[in-house]
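Novice: The chain contents come next:
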Amino acid sequence: MSDIKIKVQDYSGDVQELEAPTDMGLSLMEFLKANEYPILATCGGMALCATCHVIVEDGMDLLNDPGDQEMDQLDLLPNAEFNSRLACQLRLNPDMDGMMVRLAADEE
Amino acid sequence: MIQTDICIIGAGPVGQFAVFEAGLLKLRCHLVDALPQVGGQLSEIYPQKPIYDIPGYPTIKAQELVDNLTEQIKPFNPTYTLGERLDAVEKTATGFNLRTSDGTEIDCKVVVIAGGLGCFEPRKPPLKEIANFEGKGVSYMVKDPELFRDKNVILAGGGDSALDWTIELSKIAKKITLVHRNETFRGAPDSADKVFELAKEGKINLLLKSNLESISGNGKLNSVKIKGADKSEMEIEADYLIPLFGLSPKLGPIADWGLSIHKNQIEVNTTDYSTNVPGIYAIGDINTYPGKLKLILCGFHEAALMAQSAFKHIYPEKHLSFKYTTVNGIESF
Numbered sequence: 001m002s003d004i005k006i007k008v009q010d011y012s013g014d015v016q017e018l019e020a021p022t023d024m025g026l027s028l029m030e031f032l033k034a035n036e037y038p039i040l041a042t043c044g045g046m047a048l049c050a051t052c053h054v055i056v057e058d059g060m061d062l063l064n065d066p067g068d069q070e071m072d073q074l075d076l077l078p079n080a081e082f083n084s085r086l087a088c089q090l091r092l093n094p095d096m097d098g099m100m101v102r103l104a105a106d107e108e
Numbered sequence: 001m002i003q004t005d006i007c008i009i010g011a012g013p014v015g016q017f018a019v020f021e022a023g024l025l026k027l028r029c030h031l032v033d034a035l036p037q038v039g040g041q042l043s044e045i046y047p048q049k050p051i052y053d054i055p056g057y058p059t060i061k062a063q064e065l066v067d068n069l070t071e072q073i074k075p076f077n078p079t080y081t082l083g084e085r086l087d088a089v090e091k092t093a094t095g096f097n098l099r100t101s102d103g104t105e106i107d108c109k110v111v112v113i114a115g116g117l118g119c120f121e122p123r124k125p126p127l128k129e130i131a132n133f134e135g136k137g138v139s140y141m142v143k144d145p146e147l148f149r150d151k152n153v154i155l156a157g158g159g160d161s162a163l164d165w166t167i168e169l170s171k172i173a174k175k176i177t178l179v180h181r182n183e184t185f186r187g188a189p190d191s192a193d194k195v196f197e198l199a200k201e202g203k204i205n206l207l208l209k210s211n212l213e214s215i216s217g218n219g220k221l222n223s224v225k226i227k228g229a230d231k232s233e234m235e236i237e238a239d240y241l242i243p244l245f246g247l248s249p250k251l252g253p254i255a256d257w258g259l260s261i262h263k264n265q266i267e268v269n270t271t272d273y274s275t276n277v278p279g280i281y282a283i284g285d286i287n288t289y290p291g292k293l294k295l296i297l298c299g300f301h302e303a304a305l306m307a308q309s310a311f312k313h314i315y316p317e318k319h320l321s322f323k324y325t326t327v328n329g330i331e332s333f
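In order, the protein sequences belong to chains A and B. The first sequence: position 32 = 32 (my numbering), numbered continuously. The second sequence: position 8 = 8 (my numbering), numbered continuously.
Treat the hints as calculated values from the structure; they're not laboratory data.
Result set (DSBU-like, lysine-lysine): computed pairs, CA atoms no more than 35 angstroms apart in a straight line:
hint, chain 1, residue 1, chain 2, residue 2
1, A, K33, A, K7
2, B, K209, B, K227
3, B, K203, B, K151
4, B, K227, A, K7
5, A, K7, B, K292
6, A, K7, B, K263
7, B, K292, A, K33
8, B, K227, B, K171
9, A, K7, B, K128
10, B, K225, B, K124
11, A, K33, B, K209
12, B, K250, A, K5
13, B, K312, B, K323
14, B, K175, B, K136
15, B, K263, B, K143
16, B, K49, B, K250
17, B, K250, B, K292
18, B, K231, A, K7
19, B, K109, B, K292
20, A, K33, B, K294
21, B, K231, A, K5
22, B, K292, A, K5
23, B, K209, A, K7
24, B, K225, B, K250
25, B, K263, A, K5
26, B, K294, A, K7
With beta-carbon atoms standing in for the labels, derived distance ranges:
hint, chain 1, residue 1, chain 2, residue 2, range
27, B, N222, A, E19, 50 to 60 angstroms
28, A, D97, B, E233, 35 to 45 angstroms
29, A, E19, B, E183, 32 to 42 angstroms
30, A, M24, B, K220, 47 to 57 angstroms
31, A, S12, B, F333, 50 to 60 angstroms
32, A, N79, B, T325, 45 to 55 angstroms
33, A, N79, B, K143, 20 to 30 angstroms
34, B, E64, A, E19, 34 to 44 angstroms
35, A, M24, B, E183, 32 to 42 angstroms
36, A, D14, B, K124, 22 to 32 angstroms
37, B, K143, A, D68, 22 to 32 angstroms
38, A, M24, B, K124, 32 to 42 angstroms
We treat Cβ as the ideally placed atom computed from N, Cα and C, and that holds for glycine.
Construct all of the structure, not just a fragment, from the sequences and the given hints.
Specialist: If you want it as structure tokens, here you go:
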């Protein structure tokens, strides 16, 4: 089994646990969009727009380090927290099992 | 007044290729882009990055693709308005009249929106009523530093421009406060060192691990409330607040053109990539439809189908027969 479990908290505060495949090369942003969360992902995953901003409530240590482009974006966000990430830069992998994220981009 | 058959908004690769497809049908094109050069995000953001999914090119650098497209469309003699944002569209008896931010007017029969991610606009902090203070103390960029001479100025942000303007304005402003949510800066190390030095010397007020909380004033900005990570709050008098949180892509004025829009993207009919307004098409990253993929090559395909439909829209009485360039070559004009 290559599926992992990820908890997602939406803008209204509701938390859902989802099963996510790790063998399809999906980013967390693509997975959240596929599950119809209202994420704009305007730039399509280039770490340019920050409309897939999430706050990692649990499992920050399970993630790869952000690259320069992502850090630049996060640095500029007025509402970023120390555990902020861009979902488009997180490729789903078995290490992420059990993580929890909260949607944090401005709703538009 | 510029007159053309098709006005293409956005001079990225898809907008550029639309000139080619329209040119094959002898339709003239004018390109408008808010950026000062052609190429859209390829030239502006990642000119040196390789692209791997352009058919026929195992790998090609973004800028090289743009340069090649510029060469490819030259026979069709496209005209350009660069560095100006398209602001307004009006229906006319023969098509559309468009106006840019700088007052350039374009008369065309068909409008093609190839705007990619949209316009990059300043990212605004989530403060209530901030819109009411824009131009009345709140500004998202520094156009004329002299405006801030002998004034109380609060800057917010942690990027290069926040650091640079803190340093520059500290030379002329009465008082400078820089608010940054972190303890450290990722901007240029030299600038960050300089900012820490200025703070040490008491020449600026540096508030780290702090965020803008609210703003108030009576018709004009008066003070800004700032909240620390430790929940402490303070109110600082200010003539100006300059939030510098970078740029974020927005649809811009296009959002007010009466087009059907879903999640910041323009809905189109996939038979010809037309919008709900006859004569206006949307191609490339800015449109949406079931199964949409944001790929340059999909944008190229959309441009080809759009051009056929635009021809029929402009010349409903003419018969259009499809021709291969291998058979007929390219007739330039």
